[in-house]
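The chain contents come next:
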Amino acid sequence: MRLRFTVNGQPHEADDVWEGESLLYVLRERLGLPGSKNACEQGECGSCTVYLDGVPVCACLVAAGQAEGREVRTVEGLADGERLDPVQEAFVEAGAVQCGFCTPGLLVQTHDLLARRPRPSDAEIREALAGNLCRCTGYEKIMDAVRLAAQRTAEART
Amino acid sequence: MDFLRPATWREALEAKAAHPDATPIAGGTDVMVEINFDRRRPDVLLDLTRVPELTTWSETDGVLRIGAGVPYARLIDELGDRLPGLAIASRTVGSPQIRNRGTLGGNLGSASPAGDAHPPLLASDARIEVESVRGTRTVPVAEFFTGVKRNALAEDELIAAVHVAPASGPQQFSKVGTRNAMVIAVCTFAIALHPEQQRVGTGLGSAAPTPRRARDAEEFLSAELDWAGRRPLAESVAQRFGELVAQASSPIDDVRGTADYRRHALAVMARRTLSWVWEEHRSGRQECA
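Protein chains in written order, with numbering that gives the first Met the number 0: chain A, 0 to 157; chain B, 0 to 288.
Isolated chain B, as found in the complex (with noise of 0.2 Å):
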């Protein structure tokens, strides 16, 4: 096995064109698992955490730019007040030691069905920025996962930084799992008001191959919800909210719950988030914030 451990993104990038099937390793929270267990035996592993700029984020117009190897636990720290809804979310992962390692653009690489940072993303509309010695893209998070544990990279990229915006209205995340800490999620959702553009983003995990927006939901709660007179919301719009996030999903029966159960807790997270969200926007607290 060789192990390459380059010193900044240029040499990373070169690294990754010279071994395309290098495997990336960041915190190692994914790759040392499998490794440790036999599962995969990469020919190359591509040590990324002595790349600098993977580890700094900044706002420039209005939006973030985190660095991939941005962790966890500095994601809540330092981010929670600007991206509330990814903060919960990180805070839902492993233990305090796996989130001092984790990292975002770990998550997007594994792209795990389960993968706790997506559904935030998704409801934020995220924006994935991949590099390779070519050139640089970014890639809506929509569109970035292409299948279980497959996304849009190709063999010479990786992955560089999130761009989102932060928050402009109340966010929410909702996880199941058998306990509070170190669970793989049994399924998550995620929502974000955006109301100056008066739409509904969501977010959906565990609960398909992919993470996926529900868009279905969120048009029919986009147009539903009283924007400007922040109206209580009715229950009926809550109920078939939660039936529509339900019916996006494509759920199996596995190991941590069955594809019914799934659904059904979908639509109670959904149900549950929105009047939390709705709540807040009423109260108008994030908008002082």
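The following block holds chain A by itself, in its conformation from the complex (with noise of 0.2 Å):
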């Protein structure tokens, strides 16, 4: 089936798309956006979330047609242009980044996260990012780039 969607603002067009194929697939492999990644294909680790429509989900399951007719915006979309996104300043700064297979989840997550709740508490963090898994680390560098990123934000916004 053809397929036409909305990607970081731009639209965009996939021919010979599998029905059962998920939209974490059609990013990767038909449109040559690698940023969402693919771990476990079962919503268990969050590294493909990506906003739907505005909704953070999980890309793996999302059925490839049911993205027809939407936006949406991958990691690749949250910088403008050269500059990078207060979220994605913060994790390189705090050095939330071990492997970097887990952060561009993180990174749509926490961007997601700050526009609903700019000043989240420390359990509401750590509520928001339970479906994103690390397995390098753990997650205090990532605390602490959240936290950041929750300052840098709300300072820019006074």
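Keep in mind that the hints were calculated from the coordinates and are not lab data.
Facing chain B, a subset of chain A residues (Cβ under 8 Å, in silico): (1) E18; (2) T48; (3) P55; (4) C57.
Listed below are several chain B residues computed to face chain A (Cβ distance under 8 Å; list not exhaustive): (5) D1; (6) I24; (7) G27; (8) F36; (9) I97.
Keep in mind that this is a model prediction, so the values were computed, not measured.
Don't be surprised by glycine CBs; every beta carbon is placed ideally from N, CA and C.
Please dock the two separately framed chains into a single complex, following the hints provided.
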């Protein structure tokens, strides 16, 4: 089937899409957007988190055809040209990236958290990121990064 | 594989009538896992995410009608005050990403014995509205689950909505798992007090081939509680209630836990959640809300 949808503000089209394949597969293998990572393929790890019509979802659990006509925003769409999003900057500065595999999902999920809750408590951060697994090292640097991003975002607003 | 995208409820029913073997897909949190792992290869996928009728809820004459396509995240945000038991259960589903996608109708359609929404629906006497091109019927949720991952749907029927009264008393839900998020239940228990009827509702999950009520436990407790005087709970009553809940189960040993452990945990959860709801009833908070 032919699939038409918007990715990071640009209209995209993919042909010969198999009806049972996931949005994640379409993004990575057909559109050449490898930012969203493929790890568990069962919604457990959060590495493939993208916005679908503004709501964070696991792209591996969205059937390709369900994305028809919808708007998708991936980790590639967080930065404004060469300028990183404050969430991305904070992850770099806090050293919240080790192997980097879980990072794209954590960035999108954190981006959504801060849009809804600009000053989250630690408990709220942990709850929001409960579906994003890091297997390298743990979550302390990630917590630091989210706190830093929240602080930066709040300062930028005032 | 065919991929059907009905734009209205009527079109969805016609599609299901024309393709009785079609697999409905909403949030995809169950169906896509099976497809990704090649456990299932449906000939036809019936995408219900474009059917606007499924994503709304309303309240008429003291009964909520919740569209089958309402995701857990919205059950929590929009209905948490009216259905606290269902909201607590919904908060234990997967992760935020899963709660954004997974739906009440999908949970019922999958009919897993471990479905988190089932016990609170059982405790609140929910009714499931199902429809086909032949017409509409409602099925009491206790009769909806017919076996492991089997439900009362005919092959041309789809789940339209859940009918349930807003809480008239305290409700609680408890779930045992290896961590707080991203777990399939080892076992679950839901309790709802219906003070105006002087009656207790229960639901247990992941402890029998289907989610089920603990009817003997309900009858015992409904008769024992001092509804009007609101006297403190006798320890012996809580103990007996826990035993009866455990007896209502018929669990198995599996990778998530043993049958013995599940029976033990059910008795503990039953006693514990009972103490919470009874204290809430005694303090009268819920009735004033």
